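Q: Sequence:
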Amino acid sequence: MDTTTVKGTIQWMEMGSGTWAVVTDEGQTYELHGDTASLEKKGLKVQIEGAVRKDVMSMSMIGPILEVKSYEILSES
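Just so it is clear: in the sequence shown, position 31 is 352 by our numbering, and no numbers are missing.
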C-alpha cells in the first residue's frame, strides 16, 4: 500500500451514521480509518500520513478512506 501525506482540517460529517474526516487544504475529503480517537475534534488542523484504502468501503461514502499511520497536530481551533 502506498502512503500519502495530507494537510487539512478535521470535520464531523453527517453522512450515514456520521464519521470523522479530514478535509485537505485543496478541498479533498478523506474518511479517517484506524486509531483516530486523538484526532476526533472538529476544527483540528493536522498533517496525516496514511494509506488510501481502495479495498475498504463505508456507509458514509464521503470520499476515499485514509488509514491513518501517523499524524501531527498543527493547531487547535
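Since the hints were made in silico from the structure, they are not lab data. Nothing here was measured: the structure is a model prediction, and the numbers come from that model. We treat Cβ as the ideally placed atom computed from N, Cα and C, and that holds for glycine. Any given hint could turn out to be false.
No more than 30 Å apart at the CA atoms, straight line, and that leaves these computed lysine-lysine pairs for DSSO-like [what the hints assert, rightly or not]:
| no. | residue 1 | residue 2 |
| --- | --- | --- |
| 1 | K362 | K390 |
| 2 | K390 | K363 |
| 3 | K328 | K366 |
| 4 | K375 | K362 |
| 5 | K363 | K375 |
| 6 | K390 | K328 |
| 7 | K328 | K362 |
| 8 | K390 | K366 |
| 9 | K375 | K328 |
The following label-pair restraints were derived from C-beta to C-beta distances [unchecked claim]:
| no. | residue 1 | residue 2 | range |
| --- | --- | --- | --- |
| 10 | D376 | S398 | 19 to 25 Å |
| 11 | G355 | S396 | 20 to 26 Å |
| 12 | S398 | K375 | 29 to 35 Å |
Q: All hints, please: hold or fail.
A: The hints, checked one at a time:
no., hint, result
1, K362 x K390, "18 Å, holds"
2, K390 x K363, "20 Å, holds"
3, K328 x K366, "8 Å, holds"
4, K375 x K362, "25 Å, holds"
5, K363 x K375, "25 Å, holds"
6, K390 x K328, "14 Å, holds"
7, K328 x K362, "15 Å, holds"
8, K390 x K366, "17 Å, holds"
9, K375 x K328, "20 Å, holds"
10, D376 x S398: 19 to 25 Å, "33 Å, violated"
11, G355 x S396: 20 to 26 Å, "22 Å, holds"
12, S398 x K375: 29 to 35 Å, "31 Å, holds"
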